[in-house]
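Trainee: For the record, the sequence lines run as chains A and B.
Heads up, this note's numbering is the position in the first sequence plus 94, with the first residue counted as 1.
Heads up, this note's numbering is the position in the second sequence plus 66, with the first residue counted as 1.
A hint or two may mislead.
[Said to hold, decoys possible] Below, a list of computed lysine-lysine pairs in the DSSO-like style, where the Cα atoms sit at most 30 Å apart:
#: 1; chain 1: A; residue 1: Lys99; chain 2: B; residue 2: Lys102
#: 2; chain 1: A; residue 1: Lys148; chain 2: A; residue 2: Lys162
#: 3; chain 1: A; residue 1: Lys165; chain 2: B; residue 2: Lys106
#: 4; chain 1: A; residue 1: Lys99; chain 2: B; residue 2: Lys85
#: 5; chain 1: B; residue 1: Lys107; chain 2: B; residue 2: Lys85
#: 6; chain 1: A; residue 1: Lys165; chain 2: B; residue 2: Lys107
#: 7; chain 1: A; residue 1: Lys99; chain 2: B; residue 2: Lys107
#: 8; chain 1: A; residue 1: Lys165; chain 2: B; residue 2: Lys75
#: 9; chain 1: A; residue 1: Lys99; chain 2: B; residue 2: Lys104
#: 10; chain 1: A; residue 1: Lys165; chain 2: B; residue 2: Lys104
#: 11; chain 1: A; residue 1: Lys150; chain 2: B; residue 2: Lys107
#: 12; chain 1: B; residue 1: Lys75; chain 2: A; residue 2: Lys131
#: 13; chain 1: B; residue 1: Lys102; chain 2: A; residue 2: Lys131
#: 14; chain 1: B; residue 1: Lys107; chain 2: A; residue 2: Lys131
#: 15; chain 1: A; residue 1: Lys131; chain 2: B; residue 2: Lys106
#: 16; chain 1: B; residue 1: Lys104; chain 2: A; residue 2: Lys131
[Claimed, not checked] These stretches of chain B come out as covered by chain A in the derived footprint (C-beta under 8 Å, 3 or more residues):
#: 17; region: 108 to 118
#: 18; region: 159 to 170
#: 19; region: 173 to 179
No lab work stands behind these hints: they were computed from the structure.
All values derive from a computational prediction rather than experimental measurement.
Beta carbons: idealized from backbone N, C-alpha and C, even for Gly.
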Amino acid sequence: DQQVKQNSPSLSVQEGRISILNCDYTNSMFDYFLWYKKYPAEGPTFLISISSIKDKNEDGRFTVFLNKSAKHLSLHIVPSQPGDSAVYFCAASQPNTGNQFYFGTGTSLTVIP
Amino acid sequence: DTEVTQTPKHLVMGMTNKKSLKCEQHMGHRAMYWYKQKAKKPPELMFVYSYEKLSINESVPSRFSPECPNSSLLNLHLHALQPEDSALYLCASSQGPSYSYEQYFGPGTRLTVT
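Okay, chain B solo, but in the shape it has when bound (with noise of 0.2 Å):
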């Protein structure tokens, strides 16, 4: 089984908002990843958790949050959006925190902010 699931499949929030998405995966993976993709663009990383520790944050604005409960689950709260950060959210996740290892992706949330 690789699926990554992730919910809500679409959401849409105001400017005031507070919303989280979900990720989950029972792979038994120790690596998730949090992407960020515009339309005919490539997927861009945000966050990075190895064994449930954040590892790489890359400049992310602060109204996006991560969180990893477990090694299951990871989450992305949201405060305070721009509509700039209307996008398609993916979650992926891979066997462990190396570069050699591929990443799977669940379906995405398409995020509007209104």
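Extracted from the complex, chain A is given alone in its bound form (with noise of 0.2 Å):
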């Protein structure tokens, strides 16, 4: 059962642009969120994390917006540069449950120069 999803398998973009990354979840339990960047043939990297206890949290162009009562986080980046594309993953974790973390199947974003 997928907990964390992202509706969106792709986005494309004009640079200079905003990109908008949605995410949804089930489990009201979860606690921290993050997003996570990936290039081909590469590991995912870390790009921004939220506590549930906020409501965004921003790092230079990237902000993280999380409406917990829809269970939704989105991922803005300002403006969008053409080293963004990549495929973006948010994950999600709740406290007991050890260090697992949830991802969602990804959204590939381009940003089309």
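Hints given; two lone chains; assemble the complex.
Mentor: Written out as structure tokens, the structure is:
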């Protein structure tokens, strides 16, 4: 059962514009959320995280928004750059399950120059 | 330095072979992980080591055998694999065995079982 879902398999955005990647989850016990970026033939790279006590976390061009009532998070990239083209995974974790992360299925972002 | 290294980068093995994947980190992290990732799928957790002890085994077949010789090293021993085990095997580490520590991933080993 997929507890973390990314319903858009792909997204294309013009360079300089905003990219918005979405993620939904079903488990209300999830308490910590992360975004990873993955280039082909490489491992996922940690981008940004957010705890459930916050609704926004910003790091440079990347901002993650969390809406707990909707069980939804999003990653905003502004401005988008061609080097941002990659697959983006959201992940979630909860207390008392060890260190297990639950990953979404990924969204492939293409930034068009 | 947030680097996790994995060797080899690519591995082709027959179903009767025995091979090992290696993972190393020098960040002082005390939790290490093995994941399996198939094409266009999310990473699937296989094993978790916390303070060099196996803490999670996600019902992985016994033909995969993990080993944590010390806090910096993690091995995955492979024996009698099946073609469906072909995948990208990712190692990760985190500061400690807490759900709120981000995990840092290595580049992976691309395994092909023939």
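Trainee: Going straight from one Cα to the other, do A/Lys165 and B/Lys106 come out at no more than 30 Å?
Mentor: holds, 24 Å
Trainee: Taking only the CA atoms, is the gap from A/Lys99 to B/Lys102 under or equal to 30 Å?
Mentor: holds, 18 Å
Trainee: Hinted pair, alpha-carbon criterion (30 Å max): A/Lys165, B/Lys75. Please report holds or violated.
Mentor: violated, 37 Å
Trainee: Examine the region 159 to 170 of chain B: at least three residues should have C-beta closer than 8 Å to a C-beta of chain A.
Mentor: holds (count 9)
Trainee: Below or equal to 30 Å on CA atoms is what counts here, so check A/Lys165 against B/Lys107.
Mentor: holds, 22 Å
Trainee: CA of A/Lys148 to CA of A/Lys162, is that 30 Å or under?
Mentor: Roughly 9 Å between the alpha carbons, so the hint for A/Lys148 and A/Lys162 holds.
Trainee: Regarding the pair A/Lys99 and B/Lys85, is the alpha-carbon distance no greater than 30 Å?
Mentor: violated, 35 Å
Trainee: Would you mind confirming whether the straight-line C-alpha gap from B/Lys107 to A/Lys131 stays at or under 30 Å?
Mentor: Holds. B/Lys107 to A/Lys131 sits at ~14 Å (cutoff 30 Å).
Trainee: Run the distance test for A/Lys150 versus B/Lys107: straight-line Cα separation, threshold 30 Å.
Mentor: holds, 27 Å
Trainee: Does the structure keep B/Lys104 and A/Lys131 at a Cα separation of 30 Å or less?
Mentor: At roughly 16 Å apart (the allowed maximum being 30 Å), A/Lys131 and B/Lys104 satisfy the hint.
Trainee: B/Lys107 and B/Lys85 were given as a pair; does the straight-line alpha-carbon distance stay at or below 30 Å?
Mentor: Roughly 25 Å separates the two Cα atoms, so the pair holds.
Trainee: Verify the proposed pairing of B/Lys102 with A/Lys131, using a straight-line Cα cut of 30 Å.
Mentor: holds, 17 Å
Checked against the numbered hints above, the structure breaks hints 4 and 8 and satisfies the rest.
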